Amino acid sequence: MPASYFIDLHPFSFSVNTDLPQVAQNLATIYGERFKKTVDTVDTVDEVADYELSVQKSSGLRSFIRPQARFFCDQLEPFKPLSFQKAYAFLEWGMNWTVAGNEVQHVIIHSAVLAKGNKAILFPAPPGSGKSTLTAYLAHNGWRLLSDEMALIIPNSKTVVPFVRPICLKNQSIDIAKKLFPEGKFSDIARDTHKGDVIHLSPPELSWQNRTETAELVGVVFPNYRVDQDLQIYQLDKTQAFMQLVDNAINYSVLGGQAFNTLTHVIEGVQTFEIFHNDLQQVAEFLEQEIIGNA
Amino acid sequence: MLNLSARDVCSVYIKPEVALAFTPKQWQQLVLILRHQQLLACYSAVFKQAGIFQKIPQQAQRHFLNADVLVANHKKQVMFEAAELQREIGDKQQYLIFLKGAGYTLSKTRVGDTRVYNDIDILSDKSSIDEIEKKLCLFGWLSEELTEHDEKYYRKWAHEIPPLRHGKRGTIIDIHHNIVPIISGRQLDANQFATHSVTTEDGFQILSFAAMTLHSLIHLFFNEDVKKGYRDIIDIHTLMTYHSEGDYWQELLSLSKETGFELELFLACRYVQQILKTRIPEEITEQVAKNIPWNIGYLDFVYKKVLLPSHPSCRPKFFALAEFLVLLRGHFQKMPLHILIFHLTTKSLVGLTQSLLGKHFFTKELDQP
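As given, the protein sequences belong to chains A and B, one line each in that order.
Residue 198 in the numbering used here sits at position 218 of the first sequence; the count goes up by one each step and never skips.
Residue 885 in the numbering used here sits at position 32 of the second sequence; the count goes up by one each step and never skips.
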């Protein structure tokens, strides 16, 4: 019998139906008190979900032979099923898909956002750039995580609305992160996904506690991890930075002019850098002194 | 908590104020049902028109606002695709008429205001179809891989060629040479039907409002698939209510007679009146009532269920049975018995395997969310 859960993730909320115990377990690990079992008898106002998601076992013989997990957003099944052990990661991606496809009140950028106080830096980067490792490091060293994957910017402003979710680490970064943050709350590893092995890491309490506090962008930094590269910093000109932001803006074409204006406004009002590094601490120092300190 | 019924969802369309008494959970359910039916933007417009949009609870309001943005973008995309098609094949045929959703959108009138759909339908003369398909292929529109049976079904029996998908943009177009399947024996003179068209101020050919209405109701009552039945009912209601100036009704009546779809017109009038309280001139209601069929009790049983907003959370009793009966009716109308049996056997073997072994038994695992 599938159980129903509720996850309150400002500014969106989800109900999750699942018959897979490992999904519920991982959700509890990652989301802590934000995650609860739905009480069906009481009509509580705070449990009204924006989206009804479910992760279910494939039916028929398929539930015995190499069982698969299926993801649904209400009645829609946008993806082909995945093997069982990826079920929780599948749900996380499904949540991203749901938000990306439906929510257009913000300009959404595929990017991490971290803040000191209310000054935030945007880290848009393609997979493999070491963005999530940097995110995890900063979040565990005095920074506040607003997003790991989806930055929500209020149109025509530099204000970022937090959408606190776990940090998605891949392949080698899994071991690094487990060493760096022994106290971290990790999900199970989803092996052999399209991104390789994947694990989710819950951000520290500071990020959760401030998950309704917006922050103002002061910088955009494109990080690149290179094993044999000492810290190098390049100031990006506004045009380059703008184009790179556009490439990472998920709903750019849907929002059209509004997205253009917003990104222009952001780029004109912040410092923009591309960095190459092999030392997270050096990066953190640079960010604090040069960007946060000067903003 | 009290679940909304499908009827409640209709009531909101007719009298939006009733929704203001909903609990937050009921709003959540309404949003869910409407999103499933692709009607969020439609209801958003209904609330705005009634002047009560600001009174909707914030959380629900956001979903309607999202839908407004998405529908505006959808319209923009359709205008773009239609212009592309016009440029690519505009000179290849006697006529190139945009049907259904695309036609509504291109009309830039109320019926297309909030309409969302997944593919663009076009009607063209049969003699030009081959050439159109070849030409479109050069522009990157390709047919997706079909099973042998499906390919044969389309080429021999259907009223359209297999859907074409644009390789880069992913847009799907359906090219028709008739509006009902050839195999049904009830195909109409498409070239004659195409004369009931107008050219929009942007230069696109679309059906006249009467012909649009007829096409919509044929599509609804001649089909085995009524998953979007409620949305179609809203289309027909909108056309009959807001686009029925001039000789609309006379054209609709005579066109239904010419093409032999008088029964379908009767059914459409009956159910829009019952479901959405559509105002139809009395003399028209009287005229179409002459076509009342002998098995109206049975049809009422079926259609009064399947034409309501459909979502697992609000399905009426015997919905599944009614849906199955429509499936049967649709198939019987479309194909002679021996072909129907062949078609259903082929289809059901796949279905049976899937139900026994799981829906995705044949699906290769593709790790691409």
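There could be a bad hint or two in this list.
Under 8 Å between C-beta atoms, here's a sample of chain B residues computed to sit facing chain A [to be verified]:
#1 Ala874
#2 Leu885
#3 Arg888
#4 His889
#5 Gln891
#6 Lys908
#7 Asn919
#8 Val922
#9 Lys928
#10 Ile1145
#11 Asn1148
#12 Ile1149
#13 His1184
With beta-carbon atoms standing in for the labels, derived distance ranges [unchecked claim]:
#14 Lys218(A) with Asn971(B): 54 to 62 Å
#15 Asn(-3)(A) with Leu1180(B): 23 to 31 Å
#16 Glu998(B) with Lys218(A): 24 to 32 Å
In silico EDC-like pairs for lysine to aspartate or glutamate, Cα to Cα no more than 16 Å straight-line [as the list claims (entries may be wrong)]:
#17 Lys1021(B) with Glu1001(B)
#18 Lys878(B) with Glu265(A)
#19 Lys901(B) with Asp921(B)
#20 Lys1200(B) with Asp921(B)
#21 Lys988(B) with Glu937(B)
#22 Lys878(B) with Glu27(A)
The hints are simulated quantities; they were obtained by calculation from the structure and are not laboratory data.
None of the values given here were measured: they were computed from a predicted structure.
Note that the Cβ used here is the ideal one computed from N, Cα and C, for glycine as well.
Hint check results:
For the restraint placing Ala874(B) at the interface with chain A, the shortest Cβ-Cβ distance is roughly 14 Å, beyond the 8 Å limit, so the hint is violated. Taken as an interface hint, Leu885(B) checks out: its beta carbon lies about 6 Å from the nearest beta carbon of chain A, inside 8 Å. The criterion of a C-beta within 8 Å of any C-beta in chain A is met by Arg888(B), whose closest approach is roughly 7 Å, and the hint holds. Satisfaction of the interface hint for His889(B) is found here, the shortest Cβ-Cβ separation to chain A being roughly 5 Å, below the 8 Å cut-off.
Interface restraint check: Gln891(B) against chain A, minimum CB-CB distance 11 Å, threshold 8 Å, status violated. Taking 8 Å as the C-beta contact cut-off toward chain A, the hint placing Lys908(B) at the interface is violated, the least distance being around 17 Å. The interface hint given for Asn919(B) is met, as the beta carbon of that residue sits about 5 Å from the closest beta carbon of chain A, less than 8 Å. Checking Val922(B) against chain A: minimum C-beta separation of about 4 Å stays under 8 Å; hint holds.
Taking 8 Å as the C-beta cut-off, the interface hint given for Lys928(B) is violated, the closest approach to chain A being about 12 Å. The beta carbon of Ile1145(B) comes no nearer than 35 Å to any beta carbon in chain A, farther than 8 Å, and the hint placing it at the interface is violated. For the restraint placing Asn1148(B) at the interface with chain A, the shortest Cβ-Cβ distance is roughly 31 Å, beyond the 8 Å limit, so the hint is violated. Contact between Ile1149(B) and chain A, as hinted, is not supported at the beta carbon level, the nearest pair being about 31 Å apart and thus beyond 8 Å.
Of the supplied interface hints, the one on His1184(B) is violated, with its beta-carbon coming no nearer than about 23 Å to a beta-carbon of chain A, more than 8 Å. At about 39 Å, the CB distance of Lys218(A) to Asn971(B) disagrees with the hint of 54 to 62 Å. Between Asn(-3)(A) and Leu1180(B) the beta carbon distance is about 28 Å. The supplied range of 23 to 31 Å therefore holds. Checked against the given bound of 24 to 32 Å, the beta carbons of Glu998(B) and Lys218(A), roughly 46 Å apart, lie outside it.
Taken as a hint, the Lys1021(B) and Glu1001(B) pair is broken in the structure, with Cα atoms around 26 Å apart against an allowance of 16 Å. Proposed proximity of Lys878(B) and Glu265(A) is contradicted: the alpha carbons are some 48 Å apart, above 16 Å. Between Lys901(B) and Asp921(B) the alpha-carbon distance is near 11 Å, which keeps this suggested pair within the 16 Å criterion. For the hint linking Lys1200(B) to Asp921(B), the alpha-carbon distance of about 38 Å lies beyond 16 Å, and the restraint is violated.
Restraint check for Lys988(B) and Glu937(B): the C-alpha separation of about 13 Å stays at or below 16 Å, so the hint holds. For a cut-off of 16 Å, the pair hint linking Lys878(B) to Glu27(A) stands: about 8 Å separates their Cα positions.
Against the hints set out earlier in the document, violations occur for numbers 1, 5, 6, 9, 10, 11, 12, 13, 14, 16, 17, 18 and 20.
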